[in-house]
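What follows is the residue order along each chain.
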Amino acid sequence: MLGLGSEPDSLNPVLGYAPDGGALMFDGLVRRTPDLKLEPALAESLPEVEGKRVTFTLRQGVTFHDGKALTSADVAYTYEQVLKVANNSPIRGDYAAVEKVEAPGPRTVVFRLRYPYAPILQRATLGIVPEGSDVSGTPAGTGPYALVSWSKGDKITLRANDRYWGAAPEIKKLVLAYTSDDNARATRMAAGEFTATELPPKAVARFKGQPGMTVHEVPTADYRGVMFPLDQPVTGDLAIRKALGLVVDRAAMVSAILAGSGGPAFGPVAPGTDWHNPAVNGSAAPDRAKAVATLEAAGWKAGADGIRAKGGTPAAFTLMYPAGDSLRKELALAVASDAKQVGIDVRLAGLDWDAIDRRMSKDALIMGFGSPYDPDYTNYELFHSSFAGQGYFNPGRYRNPDVDRLLDAGRGTSDRAARKKAYDEVQRRISDDAVWLYLVYLKHTYVVRGDWSGLTPGVEAHEHATGGLLGTVVNWKPAS
Amino acid sequence: MTWVRIVAWRLAFAVPLLLAVTFGMFALAKASPFDPVRQYLGERAMVASPQIMAEIRANWGLDRPLAEQYATWLGNLLTGDLGESRSLRLPVAQVIGERLGWTLLVVGCALVLMLVAGLAAGTLAAWRRDSWLDRLVTGTAYTNEAAPVFWVGLLAIWVFSVTLGLLPAGGLTDAASATVTLPDLLRHLVLPVAVLAFSQSSWLLLFVRESVIGVLREDFVTGARARGLRERTVLLRHALRSALLPFVTIMGARVPELVTGAILVEAVFSWPGVAGTTIKAALAVDFPLLAALTLLATVAVVAGNLLADLAYTLADPRVRVLGVS
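Protein chains in written order, with UniProt numbering: chain A, 1 to 480; chain B, 1 to 325.
Among these hints, one or two may not hold up.
[What the hints assert, rightly or not] Using 20 Å as the maximum straight-line C-alpha spacing, the simulated SDA-like pairs for lysine to any residue come out as follows: (1) B/Lys280 - A/Gly282; (2) A/Lys152 - B/Ser49; (3) A/Lys152 - B/Pro91; (4) A/Lys152 - B/Lys280; (5) B/Lys30 - A/Asp352; (6) A/Lys152 - B/Asp184; (7) A/Lys84 - B/Ser49; (8) A/Lys173 - B/Thr181; (9) A/Lys242 - A/Pro211.
It should be emphasised that the hints constitute simulated quantities derived from the structure, not laboratory data.
Chain A extracted, bound-state conformation (with noise of 0.2 Å):
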């Protein structure tokens, strides 16, 4: 018995149900380990990855919930529905890459791609339906579980699947029950109903150090940070977003706004996966004095309020976030603070989504994105030159050469050592255009009642809808 914030909208791969893992019904190609690595599931083997072609050979003898065996033509079945325009699939654009996908045997798979993209690997995870299946309804899978039956708004109801290619789990039954309210999830919990639920830092204090309990705190690529209009006269600024980095005092936001549950942030690649970069790193407590140093050089002079000036310019900008997120709003509120310290007036507007849309070329946001899988996930879309002002990529209009070369190659080219050295001059760039102003990275809490092997944490995505720690349910075993 599970307990879970957020219901999914559909069970169906195609429109956007775990594509990244954590589908206990489904499987994909490949799948990950705990750590994140890949490891074939319903492919043999995993592919190599050279230019614009894919051969994927697929498992022998694995078999739908209902029975039926699967073909290559339901991989292709699968791609197909999620490319198609008409059926409105939420992670088409994850797919903008693949050209399309052939079937010419009964176990061969081809994926045709537009451009040499490294990634594709890892966005094979998505589940596999059957072909001709109803993209409104639930389709069979291949995964270790099997649906017996959803109650919408109340919880779903999984068994094991008997004719499972892999490991059977040691959990026969499954139910997911969702309950969105903290909580009443948090008490549902405390009154026994739970096995394990996630819950926000501050609700999981309760069970802390409470026998049978085990609360697990899982780091995430989940960041947090400051997204600023680089066209602006005051953001645009190099010294201003360089003197925002050294003042802010990330470690007084961890401790104080996520309770203690979180790290500081200093770029877009999370600590803890093998693509950041260490190197680009910094002090989570505020180096005042040389915030002040960098204003100065720069022109930046101190006002009789106090407030700095350079050149009649007011060193002044709004700073939006969404009004309905504590947790950003909060950030918010530090920043501004920590920003009056050294003479910027940081003035804050809590806005809804459709306002932030039509001002972010103008004014700073308070964002979050982050994968932990591949470096070219977000990243391409946040700093190439090609997205400049298009949606919530990068509407700061970022715009640098370089930068748009070594994430062409890192997607372009599939050897990891290359690809390695793209993204870690990526994070070093970006952190030197102070492009972001990094704050802090989240850490998933969850509690689990009783003892159990198989709960391997790795760093999680921010999506809830791999149900991380909650979705290697699959490898739990009683411990005795």
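Position chain B against the provided structure of chain A, taking the given hints into account.
Just chain B now, kept in the frame of chain A:
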């Protein structure tokens, strides 16, 4: 046949009314600053390219003029196609079909409970006018009238679920059960039904009390008493019966409140009914679902009034109802 004419008249009025209400909904939705595509994509909206968002908008016809969107929707409706719910990724007909029964169950039970309890308490209060019982009943009714439904619901959860641990706090069945069994369902039904009935009963109770008090003063009641009839017979056979007639009409007029009450009660008790879905549809800017639900609610109100009028004319053929005499 009076009732045939009443139904015909009502239908003649209902059609333009339904058109106006649904068109109004489309116009409001079009004017709303919220982007349904962003709601549909949820967190994915942050990592979806503007081009994909534009394609989804085009698929839904959101880039078409308002009149065209409305005409398309109306045309589909006439062929029985309610469209696809965007937030639930299911056909609207299926969403409503799966949930309408649970709402009707709660509202139906609440209606019966509210009628029985309201009539009993109101009559009792009138009969023992100005006693401590009367003060208690009317006092509670006035307080209740001022209390928001969701607050009463939360209070009930706090008392009966959290403090006393007697009843489940929400849901259709216990979290661990995979199927809906009758005893389990009944236990989960108690609080939502009781809260909905209680929160909607004040006006009914006060109305019954006033009417019965009025009738008790009338000559025929005094006459009945003088003839030595038992007090219970006087109260139920004479006073309550003649006090009931106008009440049927008010009942019909109060259907909208029952609908809004059901929406709030379903939200508080996580009841998987159609009313709670309205809130979700509105928050998700889910047009097709919202349009169908608005239509359904309007039909419920119109039908409620019609039934009340019919009942009234059946009970008292002298009554004139909207153009029909």
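Next pair to validate is A/Lys152 with B/Asp184; report whether the Cα-Cα distance is within 20 Å. It holds: about 18 Å lies between the C-alpha atoms, which stays within 20 Å.
With the threshold set at 20 Å, check whether the alpha-carbon distance from A/Lys152 to B/Lys280 stays at or below it. holds, 12 Å
Take a quick look at whether A/Lys152 and B/Ser49 sit within 20 Å of each other, Cα to Cα. violated, 30 Å
Given hint A/Pro211 paired with A/Lys242 - CA-CA distance at most 20 Å: Violated - the C-alpha atoms of A/Pro211 and A/Lys242 are around 47 Å apart, more than 20 Å.
Given pair status - B/Ser49, A/Lys84, alpha carbons within 20 Å: With a Cα-Cα distance of about 16 Å, the restraint between A/Lys84 and B/Ser49 holds, given a limit of 20 Å.
Sort out whether B/Thr181 lies within 20 Å of A/Lys173, counting only the CA atoms. holds, 19 Å
Would the hint linking B/Lys280 and A/Gly282 be met if the CA-CA limit is 20 Å? violated, 44 Å
Straight-line alpha-carbon gap B/Lys30 to A/Asp352, limit 20 Å: Answer holds: B/Lys30 to A/Asp352 is near 18 Å, not above 20 Å.
Within 20 Å, alpha carbon to alpha carbon, are A/Lys152 and B/Pro91? holds, 14 Å
Taken one by one, the earlier hints fail for this structure at numbers 1, 2 and 9, listed in ascending order.
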